[in-house]
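Colleague: Put chain B on the given structure of chain A with help from the hints.
These protein sequences, in sequence, are chains A and B. Note that our numbering has the first sequence beginning at 1446, numbered continuously upward. Note that our numbering has the second sequence beginning at 1446, numbered continuously upward.
Treat each hint with caution, since some may be false.
Identical chains share a label here; the pair holds if one copy fits it or two copies do between them.
[Unchecked claim] Within a straight-line C-alpha distance of at most 30 Å, the following computed BS3-like cross-link-like pairs (lysine-lysine) qualify: (1) Lys1587 <-> Lys1507; (2) Lys1587 <-> Lys1517; (3) Lys1587 <-> Lys1526.
Hints listed in this document are in silico derivations from the structure and should not be mistaken for laboratory results.
Number of protein chains: 2
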Amino acid sequence: MALDVITLAGMTPGAIEYREDMARWQPDARGRLQEAALTLYDERGFDDTTVTQIAEHAGLSKRTFFRYFTDKREVLFAGSKDLEELMVTEVARAPESTAPLDGMIAALDAAAAIFEPLREHATRRQQIIAANPELQERELIKLASLAGALAQALRRRGVAEAPAILTAEAGITVFRIAFERWVEHANRRELQPLIHEALEELRAVTAQP
Amino acid sequence: MALDVITLAGMTPGAIEYREDMARWQPDARGRLQEAALTLYDERGFDDTTVTQIAEHAGLSKRTFFRYFTDKREVLFAGSKDLEELMVTEVARAPESTAPLDGMIAALDAAAAIFEPLREHATRRQQIIAANPELQERELIKLASLAGALAQALRRRGVAEAPAILTAEAGITVFRIAFERWVEHANRRELQPLIHEALEELRAVTAQP
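If we strip away everything but chain A, and leave its shape as in the complex, we get (with noise of 0.2 Å):
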C-alpha cells in the first residue's frame, strides 16, 4: 500500500532517486516514464510534448506506455485513485465520536506525511499544471471526485449529506490553499502545519460574527 501511494501524481521516490544516479540504480518503468514526463513537460511544455518522446527519455516503447497510462494527461494524475483510499480508509478509521471535520482533518493529515518527501518532485508537477488550462480543468475534476468520495465516507460514518457535502469541500479548499504555500520555493514551512493553519483562516471566516 504504502508504495502505490506513494505513486501519487507521478510522485514515485523512484523516479526521484532516478535523477541523482541514474547508471546506479533503474527505477520502475512506471516510475521513469512519469519521470520523463515531467522533465519533457518542463522543458518543452505539455502541448509540444508527445507519449513517443516521453517513452524514447525514458528507454522504453510507447506499448509500455499505454500499459501504465490511458494518455500523457493521466501521467499527471496517476496516483489519485490511492490518494482517495488512504483518505477514504482516515476518514472511516476515526474515532466514533470524531466530529465530521475532525475525520476529514485526519484524511488531510495522513495525505500531507505522503507528500512531505516529495516536495521538489510536486512543485515540479504544479507548475506544468498552471501553466496549462486543460490539466487546470483535469485536477479541479479529480479534486472534485476526491471530494465526493470522502464525502461518502463521511455519510458512512453517519453524517448527513449537506454536511457531508460541506465538510469534505471545505477540507479540499483548506488543503488546496495549504499545497499552494508548501510548493512556494520560499516557503520550507511543512505541509501539515500549513493545512492547521488554513484550517484556522477557515474557521475565522465562517465564525458567527
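Modeller: For chain B alone, coordinates are given in the frame of chain A:
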C-alpha cells in the same frame, strides 16, 4: 442588465412563454434556441442531439445557432458570465464593514432572486446535466471559475488571499447544496431561505468544537 442576467443558464423567460403560446408570441432567437436545446436534450439525450436538430426545432438556421453559441454544450451555460457579473457587483457594493462571508451571502441572495421564478426551467436543465458526465465537468469548471471571480472580488475589498478563496469556495458549496434542494420537485421552498439554511449547516460543521 436584468434581461441579460435572466438568460442565465438557458433560462430565458421568453423561452418559457414560447412553449405556452407559440403562435401568439415569438421570443428572441437566442431564447428559442435555448428552449429547443433543452427540449431535445430532455427527449433524446444530450449526446444524441445535434446542432442541426436544435436549429430546426427552433425554426432557425444552423448559422444562427453559431451566432449565439460556440457549441451545443454552451447553450446550457450561456448565462454564466452574466451570473458572475451580477454576483461580483454584489460583493463589491456591500458596505465596507461587511464580513467576507456576509458579502458572499449577499451575492448568493442576489443570484437567488434571479433564479427564483425559473425553478421549472432550472430543474429541467439540472436533470440534463446530471445525466451527462461531460456536462457535469463543464458545470464544475464554470462553478470553479465563478468561485475564482468572487474570491478576486473579495480580495479587491482587502480580504487576504486564503480567506478570500475559502469564503468564495464555501459560498459556492452552500449555493450548490441549496440549489439542489430547490430543484427537487417535492421541495417547494424558495431558494433564498435554503441558502441560509445551508450556510447555518456550514457554520455548524466548521465551528470550534
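Colleague: Hint by hint, say whether it matches the structure.
Modeller: Here is what the structure says about each hint:
no.: 1; hint: Lys1587 <-> Lys1507; in the structure: within (25 Å within a copy, 35 Å between copies)
no.: 2; hint: Lys1587 <-> Lys1517; in the structure: both (16 Å within a copy, 24 Å between copies)
no.: 3; hint: Lys1587 <-> Lys1526; in the structure: both (9 Å within a copy, 24 Å between copies)
Hint check: no violations occur; every hint is consistent with the structure.
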